[in-house]
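> Okay, here's what each chain looks like letter by letter:
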Amino acid sequence: DTAVSQTPKYLVTQMGNDKSIKCEQNLGHDTMYWYKQDSKKFLKIMFSYNNKELIINETVPNRFSPKSPDKAHLNLHINSLELGDSAVYFCASSRRQGNEQFFGPGTRLTVL
Amino acid sequence: RKEVEQDPGPFNVPEGATVAFNCTYSNSASQSFFWYRQDCRKEPKLLMSVYSSGNEDGRFTAQLNRASQYISLLIRDSKLSDSATYLCVVNTLTDYKLSFGAGTTVTVRA
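If you're matching them up, the sequences are chains S and U in order.
Residues 22 to 133 in the working numbering are what the first sequence lists, from first letter to last.
Residues 38 to 147 in the working numbering are what the second sequence lists, from first letter to last.
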């Protein structure tokens, strides 16, 4: 009965490849997020969707494209991966915008 | 200036000790405040929300000082299992973004 799940948990790939990370929440929340946590452990918001609508789009390279097919899912597609994309990517959800957030277990991306 | 700043620590304390640390925020319009806990190689988990009047949850006490723009977390009777990184989180309701501090590391030793 995992609340927020992400796949895959680990992703190792070569520079230049395209990859996707999937996220699903079964909490019935309206809002979902993608965060990036780099090697310095700083957690930074990338995107947020509310009822499938993009509401936060931080300064992220346009190689990163989120997609929300329904409000329980928020996927992240990354084109032309670069070394600097190596990080842990966390998906999160909240009942509404501004409420406390619940995080998925993270996807550890390593670009070689 | 970062939106949320925390003393990175580490705070090394013996079991049973009390440890406290603060977090400052730059946006005076911030409306909601939280403490999250993150264990090594795990996701952040909500520890507690922080209310204007201060609040307590077992051994954990959170305080908010709007005038000086900081929140604090105090852990009483520390347990080994309290060892983690504590993230201060601030929400400005105008844009609904949660801003995370870089975290304060606490290590409780036997």
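No lab work stands behind these hints: they were computed from the structure.
Hints are supplied without guarantee of correctness; some may be wrong.
To be verified - Here are the simulated distance ranges between beta carbons: (1) S:MET36 x U:TYR107: 39 to 45 Å; (2) S:GLU121 x U:ARG103: 47 to 53 Å; (3) S:LEU133 x U:ALA104: 35 to 41 Å; (4) U:GLN68 x S:GLU74: 19 to 25 Å; (5) U:PRO47 x S:ARG129: 39 to 45 Å; (6) U:GLU40 x S:HIS98: 38 to 44 Å; (7) S:LEU48 x U:ALA147: 35 to 41 Å; (8) U:ALA54 x S:LYS73: 46 to 52 Å; (9) S:GLU103 x U:ARG103: 38 to 44 Å; (10) S:ARG116 x U:GLU40: 33 to 39 Å.
Stated by the list, open to error - Non-contacting residues of chain U with respect to chain S, defined by C-beta distances greater than 10 Å in every case (computed): (11) ALA54; (12) PHE58; (13) THR61; (14) GLN68; (15) SER69; (16) LYS79; (17) SER86; (18) ASP94; (19) ARG96; (20) PHE97.
Predicted model, so just to flag it, every value in this text is computed and none were measured.
Cβ atoms here follow ideal geometry from the backbone N, Cα and C, with glycine treated the same way.
> Check each numbered hint from earlier against the structure, then list the numbers of those it violates in ascending order.
Numbers 2, 3, 5, 6, 10, 14, 15, 16 and 17, in rising order.
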